[in-house]
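*Asks:* Build the complex from these two chains, which are given one at a time in their own frames, with help from the hints.
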Amino acid sequence: MADYCKMWESLGINLEAHDQLLGSIPPVYQQIFLDQENRPQAMSYFDMVVMEIHGLRIQELQKHKAKGGTVVGSFCVYVPEEIVLAAGGLNVGLCAGAEIGFDEAEKILPRNLCPLIKSAFGFKMSRVCPYFESCNLIVGENTCDGKKKAWEIMNEEVVPVYTMDIPQVKSEKGKELWLDEVKKFKNKMEEISGKEIEADKLNKSIKLVNGKRKALQRLSNLRKNKPSPVSGRDALLIEEIAFYDDNPRFIEKVNVLCDELEERIRKNESAKKAASSPRVMISGCPMVVPNWKLPFIVESSGASLVCEESCTGQRYFEDLVVEDNGSVGAQLEAIADRYLKIDCSCFTPNQERIDNIVRLAKEFEIDGVIYHVLQFCDPYAVEYRRVEKALEKEGIPVLRIETDYGQEDSGQIKTRVEAFVEMIS
Amino acid sequence: MKFAGIDVGSRTIALVILNENDDMSYTVTDTGHQPLNRCMELLDGKIFNRLIATGYGRHIAHAEFADDIITEIKAFALGAKALHPSCRTILDIGGQDTKVISVDTGGRVKDFEMNDRCAAGTGKFLEIMAKALSYGVKEMGESALGAPKSVKINSMCTVFAESEVTSLIAKGEERENIALGIHQSICERTASMLNRVGIVKDVVFAGGVAKNVCMQELLKRKLGVELIIPKEPQIVGAFGAALYAKQG
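Sequences listed follow chains A and B, in order. Residue 386 in the working numbering sits at position 403 of the first sequence, with consecutive numbering throughout. Plus 12 on top of the position in the second sequence (first one is 1) and you've got the working numbering.
Hints were generated in silico from the structure; no laboratory data involved. All of these numbers come straight from a predicted model, not from anything done at the bench. We treat Cβ as the ideally placed atom computed from N, Cα and C, and that holds for glycine. Possibly wrong hints are sitting among the right ones.
[Said to hold, decoys possible] Label pairs and their in silico Cβ distance ranges: (1) B/N31 - A/E391: 39 to 49 angstroms; (2) B/E238 - A/I91: 48 to 58 angstroms; (3) A/E346 - B/D42: 29 to 39 angstroms; (4) B/G184 - A/K132: 36 to 46 angstroms.
[To be verified] Over the 12 angstroms line for every Cβ pair with chain B, so calculated as not near, a few chain A residues: (5) Y12; (6) Q14; (7) L120; (8) Q151; (9) K156; (10) G157; (11) D302; (12) V305; (13) E316; (14) F347; (15) R399; (16) V404.
[To be verified] No farther apart than 27 angstroms at their CA atoms in a straight line, the calculated lysine-lysine pairs in the DSSO-like style are these: (17) B/K150 - A/K372; (18) A/K397 - B/K258; (19) A/K46 - A/K178; (20) B/K122 - A/K376; (21) A/K376 - B/K213; (22) A/K166 - A/K48; (23) B/K161 - A/K209; (24) B/K136 - B/K150; (25) B/K183 - B/K243; (26) A/K324 - A/K132; (27) A/K48 - A/K158; (28) A/K190 - A/K46; (29) B/K14 - B/K258; (30) A/K178 - A/K132; (31) A/K131 - A/K153; (32) A/K46 - A/K195; (33) A/K48 - A/K171; (34) B/K122 - A/K397; (35) A/K345 - A/K153; (36) B/K136 - A/K397; (37) A/K195 - A/K184; (38) B/K258 - B/K161; (39) A/K50 - A/K209; (40) A/K178 - A/K166.
Just chain B, with the same shape it has in the complex (with noise of 0.2 angstroms):
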């Protein structure tokens, strides 16, 4: 017996398979401009007795090939739940998503919210801002943590901050000082995100930004909670699909 769930995200896609042993392998590959062929290779030919599709992709996976799909917000909620039982409110930022989910101590999902049409501060947002500032993606988070200090970033649309960005570099700004600001601002946007919903211990960051070690000290500084951050913080909600589809 092997189930499987696929997170067809903006910018990577993560495929996690379980037996029924709950033995579990993944995979998460760039998501490029052609996911559904990026699906087919991930899946290569494997059939699986059940294989749900969640992500943004999932209504295009559910007509090629999954069984059936359920949202990320479901599917987070039991991939975070099942990884870290204590979990009650989970933030995931992803791609060009930042959503927060409230669970109750079941699992089932109370409460949730996610930024709408603005993909600003999601990762997609970081990456953006790391090319405007000659970083990579991971250097810019360990860049901006050993920051002497910080400029505020007051623009949160991507296009107005890299234009702020770009002044502040002519301005002679260093640019890890740039960087703290930049992680700062979309630090502040996700705690007032958070506490919309009502944070409660404990808190599961999951989403390809937890890797981010900037983020996770400001966020953990800004709201006095210590944040769980999974071993593998892409594949949670593909790990989510995966345990619905053995749930049937």
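Same shape as in the complex, but just chain A (with noise of 0.2 angstroms):
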């Protein structure tokens, strides 16, 4: 790995807590992914991504910061990156998905949170995410009711905080308010970029992101096969890192692998332990990097993981943006109309979500489903019920999980995992 300590240091990484983080992920990254046998090429790309995860990606984004463009960092697959690009910023998901910096956040937070806040604020206020420390603009936004009033102590105590508001429902004032929403932060970016959001720009910019939705859309759909010609974990692993790796780049990668992928498929490659495996989906909270306890967990109890219904997954790439639709006005129009469609739990009514996960078990031929929630996480944990009784009607057997980023709780999670394979199987 090349020296980055001037960058970090630049950028006011504690460098000693730092240190202790990047080791602690190698060990781990190994025996989750590098372990698994007969892994596609191209999956090396993605390994490289992770272990310069603090570095070659940072180094990218100070030369686009050097040459005048704008960093976003954001927390919600609600805020349009579209806006983004075509302000000629780079957008950065900040979502964290382990245990730091946890005993600085509840100085100021309460301890009973979900620990994506909690750890979203350990890492800034801990000083050891690079990527928060190149923002020039963070957004927040108005989800559940833990990240709402986390805004507000962020922008007071940490760091100023752009909030967009999301309507609770999907009415014709919410879809309203939701414009509205998005026109606003389009100010707010031309406001900070000091560049004119113009129609090609924007245009171009709803063509290449949607461009990672298809290739994501492709390795999903491949993953349909049976058996899977992936491992979940490593289709997480890509879903994740698409909240914060060059577009252009992401897009040719995914591609390839989705390329060796059919390769596989055609001569039956894929392992064929996996083919009696049953097939199973996730579906719930997110998922983010490095927090790959409950995939490590589901595969290695003998089940093929093969979609995630959750931000870090489906909810991230389903949809596309309409393109070449004219005016900056009428294209903001086709971009607040595909993020309305996201059906996150923060709304009411959320049919479409419920009705979804039923789709998605069918077009998997899912034979369990596994509903993840992070612990304190009201909308997922409450929408359960609506979820369960769902999939029972449908003959699918659903096991839920409630959890954080503590390893303490592996070995009954464990139990309860592989006693739901054995059930399914």
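*Replies:* Right, dumping it as structure tokens:
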């Protein structure tokens, strides 16, 4: 790895804590990812991205900024990346999946709060995330109660946050509100970048982000094969990397992988073992880097993870924005339309999500659903009841796992997941 | 021909040995801090045609000596079904887990519930409460059963419940009343877990806590069904694993 210390230092990173963090990744990564048998060769690019997680990409962000570009950090699949790109910006996902800086975060946040929010604060407050430190603008959003209240505190005590308001109901009024928020965000991006968002630039950005979604859709569709030509962890990893990698390169590399996977399917090269293993979908809360706990347990218990119904999964790349839609105003409407289709559990009613889960379960020929709730995430935890009922009606077994970023419950989760796999085998 | 099942639990290890005529022998011992050594003592160099491990220590057992593993859920389903063919629901309260398993008429696991990281309401919880009240574990159940009234215990967290118990003692509350309250709070929690899965008769109650007379009585009253308690409730999992070993 190149020496990035100077760069990190200039970003104000706490080098000692950061060393510890970076040092903790390789052994875990080895066990969860590199030790897999018969891995597609094209995964080597994504391995490199993880090994360089705070290096190469951060360097690219600095170069981009040196040329007058902006960097926007966001926490939610609701923030329209197209608008960031059209203003000459780059968007990075700041959601964090490790128990870092919780002691700092818990000084200003309640302990009984979802680990995703605490982790975002923890990474910032303990100064170990160079993505965070590279941002010109932090965008929060009013999704769940935990987040909208936490952004108030982050804005007052940690770092300025621009917050997008998200409607709770997808009514005409709700749509109006959201379109207005999208327009405001466009103005905000123009203001901080000093660049006007023009129709052709916006259209190009729409096409680029659609390209990313299409590549991820292609990968997802390949997993419908029996057996899936790629492990669930590898696919999830790619879905996670989508949040911060360079878009054109990422699209190319995902497509290279898909070519290889198609070749595998033709040659029927996938591991035989996977053919008989039950097919599982993880549904619910996001799993962000490096929170690979549940997928690893699922796959090492003999199941094949073939779909993630989550923000690090289908919610991120389903549905495209209409392209070549004319004026900036019309394009913003197309963007607002696409994003409002996202079926986050913060909406009420949210029948779309229930229907989508059932549809995905059928499309992917799922033998069982594992419903993943991050501790203290009320929207997903409560919505479980409706999901459970819908799946029961379809005769699809479901196991609910509530957990956080700690490892102390791995043994108990393993017992439950293994028993679930025995049950659906 | 000899087949064995070993249930490496958090508090006890049970070994069940079956021969080709289904003659059974068993041993139960405390897990202690070196479960693998305890397993070796139990196995005592015996050779089996097939040995299946279950319980929270199944993976370490598999790495060292067992031929294969099954989860406690499957092991309890197999064991309870063989002991009581009419069984459709199994409640197991062990050292650190509570499980409810629903099986179909053929004995296949249909659904199950299990507590997650927290060991509230399990054998461990009772042990700690017994200690706080200066009871032996068995003695606490018997004493609670004869208590004239019950004191409500609100906390399910072991640590909180312990301080709640301590403050009740400080208020001069009789310890058997507190003990009954403790049993009742576990009973409520267990009943709601059973209700989530759905109670279909016959219900088998297994695991170490099934020996507790107060839990037996309270659950029976609360659920309104008879509970079948195996003669040796602690070996149901190991027995299921031994049966699985024999099925090959």
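*Asks:* State the violated hints by number, sorted upward, taking the hints as numbered earlier in the document.
*Replies:* 3, 15, 16, 17, 23, 25, 27, 30, 38 and 39
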